[in-house]
Amino acid sequence: MSESAAILSDRRLERETAKRRQARRSQAIAAASTLVVLGGLLTWILTSPGWPEVRETFFNWEVFKESFPDVLRGFWLDVKLMVIVEVAVLAIGLLIALVRTSRAPALFPLRMLGTVFVDVFRGIPTILLVYLVGFGIPALQLTGLPTDPVVLGGIALTLSYSAYVAEVYRAGIGSVHRGQRDAALAVGLTDSQAMRHVILPQAVRRVAPPLLNDFVALQKDVALVSILGPQEAFRIAQIIQGENFNYTPLIAAALLYLAITVPLARLVDRMGGPEGAVR
Amino acid sequence: MRKLPVILTLVALLALLGGCGSSSDDDTGSTSASAADCEPGNLATQSDGVLTVATDEPAYPPYFIDNDPTNGKGFESAVAYAIAEHLGYPKAKVRWTVEPFNSSYAPGPKDFDFDVNQISITPARQKVVDFSKPYYTANQAVVALKDSEAAKATSIEELGDTKLGVQIGTTSLDAVEDVIDPSEEPQVFNNSSDTVTALKNGQVEAIVVDVPTALYLVAAEIEDAGVVGQFSAPGGDQWGALLAKDSPLTACVSKAVAELEESGELEALNERWMSKAAGAPELE
Numbered sequence: 001m002s003e004s005a006a007i008l009s010d011r012r013l014e015r016e017t018a019k020r021r022q023a024r025r026s027q028a029i030a031a032a033s034t035l036v037v038l039g040g041l042l043t044w045i046l047t048s049p050g051w052p053e054v055r056e057t058f059f060n061w062e063v064f065k066e067s068f069p070d071v072l073r074g075f076w077l078d079v080k081l082m083v084i085v086e087v088a089v090l091a092i093g094l095l096i097a098l099v100r101t102s103r104a105p106a107l108f109p110l111r112m113l114g115t116v117f118v119d120v121f122r123g124i125p126t127i128l129l130v131y132l133v134g135f136g137i138p139a140l141q142l143t144g145l146p147t148d149p150v151v152l153g154g155i156a157l158t159l160s161y162s163a164y165v166a167e168v169y170r171a172g173i174g175s176v177h178r179g180q181r182d183a184a185l186a187v188g189l190t191d192s193q194a195m196r197h198v199i200l201p202q203a204v205r206r207v208a209p210p211l212l213n214d215f216v217a218l219q220k221d222v223a224l225v226s227i228l229g230p231q232e233a234f235r236i237a238q239i240i241q242g243e244n245f246n247y248t249p250l251i252a253a254a255l256l257y258l259a260i261t262v263p264l265a266r267l268v269d270r271m272g273g274p275e276g277a278v279r
Numbered sequence: 001m002r003k004l005p006v007i008l009t010l011v012a013l014l015a016l017l018g019g020c021g022s023s024s025d026d027d028t029g030s031t032s033a034s035a036a037d038c039e040p041g042n043l044a045t046q047s048d049g050v051l052t053v054a055t056d057e058p059a060y061p062p063y064f065i066d067n068d069p070t071n072g073k074g075f076e077s078a079v080a081y082a083i084a085e086h087l088g089y090p091k092a093k094v095r096w097t098v099e100p101f102n103s104s105y106a107p108g109p110k111d112f113d114f115d116v117n118q119i120s121i122t123p124a125r126q127k128v129v130d131f132s133k134p135y136y137t138a139n140q141a142v143v144a145l146k147d148s149e150a151a152k153a154t155s156i157e158e159l160g161d162t163k164l165g166v167q168i169g170t171t172s173l174d175a176v177e178d179v180i181d182p183s184e185e186p187q188v189f190n191n192s193s194d195t196v197t198a199l200k201n202g203q204v205e206a207i208v209v210d211v212p213t214a215l216y217l218v219a220a221e222i223e224d225a226g227v228v229g230q231f232s233a234p235g236g237d238q239w240g241a242l243l244a245k246d247s248p249l250t251a252c253v254s255k256a257v258a259e260l261e262e263s264g265e266l267e268a269l270n271e272r273w274m275s276k277a278a279g280a281p282e283l284e
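Residue numbers (this note's numbering), protein chains in the order written: chain A, 1 to 279; chain B, 1 to 284.
Bound-form chain A, shown alone (with noise of 0.2 Å):
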């Protein structure tokens, strides 16, 4: 508020007040409620009968402090792992967006695999997609074949990611007007050098949020991979969980998927909103 304070008058002062009072008091009553309604929670949880116990077993510190050092070890493959797919998902996506959306006649059985694969691989459950990947196509006994647990886990992760990505680029690319492709082609661009050069370029940027977070979704569902083998972070810490009987290690194991997740939402939220919107 660094306006010259001369011409203010009493009014606009008396205004001020007023909008400062109204802050101040809308404060008092968010903090004296999330007051309420947390500390309510605590007291309930707290003193529930089976507390202690609940304590013991799932908010362990000794256990906590011993398991957090491997459980760490294991995130960094899950890490690794969503680098690698998100890198893949993001150019497959994009290939099968740009085949589905395509108009040539002759492309008409690549657009219809495209469909099939985007209606395939989004409709079944990610995890039994893992499973099926991981140990049917070492079953097919193939030289060549990868059979490396975490290959095979990524390929399954890759080929679920790319269908729903896909389908958000497609979006993105529906959402650019009409307008822009004809003006493109009025100024003698061909058909592909329209969208690569006037229609990708505006549909990515308007679906860096949903594009954002199904990178968030991805990044907890390299947890699937578990069940192929691969000492990742949930493993370990069930792992762990199995040798003390104390489900503790799952605690670290959550704690370091948000760890990831949070600070990633919280940069969907700043591209979605009013101020932050990428244009």
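Derived from the structure by calculation, the hints contain no laboratory data. This one's a predicted model, so the numbers in the text were calculated from it and none came from an experiment. Mixed in with the good hints there might be a few duds.
Unchecked claim - Subject to a maximum C-alpha distance of 16 Å in a straight line, what follows is the list of computed EDC-like cross-link-like pairs (lysine to aspartate or glutamate):
(1) 200(B) <-> 148(A)
(2) 127(B) <-> 53(A)
(3) 163(B) <-> 148(A)
(4) 127(B) <-> 148(A)
(5) 245(B) <-> 53(A)
We have chain A; now place chain B onto it with these hints.
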């Protein structure tokens, strides 16, 4: 300052986590109800007059046959009925319930009196649940496809570079890490069938399981596989019936197991269902 509610929320979360402190009540786990408490057929069971026994689904041979615990066939089914008999509950008074391994030790009330599921007794686990006196001591066995490198191993050392698979929640993983200490991290699967599939598929070169499981697998499930050998897990791997922490039945079940041991009944059941266990060569 609109962050205040956010800060309060964080503080509350921390309180939840931090409030957990380290209250490790070290009890020695000796639940000693006097033998007199074990009045036959009249124990403090979950439902009056009925003994509820739990195991996982599917229940695997040779511990259970045909995935049906109620048929009395298979080692653990037979042992459970024998224990029940000694507690004064004839077959008709025994009810079976399904309890997945991972929830058998969850806090909160249990809906079984005891659980038999090849559960190894360890001190860490005894902090959370009660175990009966052990009814079986298992060795670990290495199973590999007959034409594989691993099948030729004659010592623990030769298995050092083998890609191994184990089942989660089993003490086999500890055994692998402590005894074999392979150069490649072992793969850990959800259940027995996934572990077997991984071996058949060549995703792992060998798997480590309890000896009776191994003998069953090579006899019935994986024809072109053989038992490479057996070794004992560090500290021995003893299985006990799992009961709720401080269950009034623990001492009674332990007493029943002791009686079965003395009378030779346990040995006979062992022989009947898990017999060929001694056939595998010892790995040093």
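Against the structure, the hints:
{"no.": "1", "hint": "200(B) <-> 148(A)", "result": "holds (14 Å)"}
{"no.": "2", "hint": "127(B) <-> 53(A)", "result": "holds (11 Å)"}
{"no.": "3", "hint": "163(B) <-> 148(A)", "result": "holds (11 Å)"}
{"no.": "4", "hint": "127(B) <-> 148(A)", "result": "violated (37 Å)"}
{"no.": "5", "hint": "245(B) <-> 53(A)", "result": "holds (11 Å)"}
Checked against the numbered hints listed earlier, the structure breaks hint 4 alone; every other hint is satisfied.
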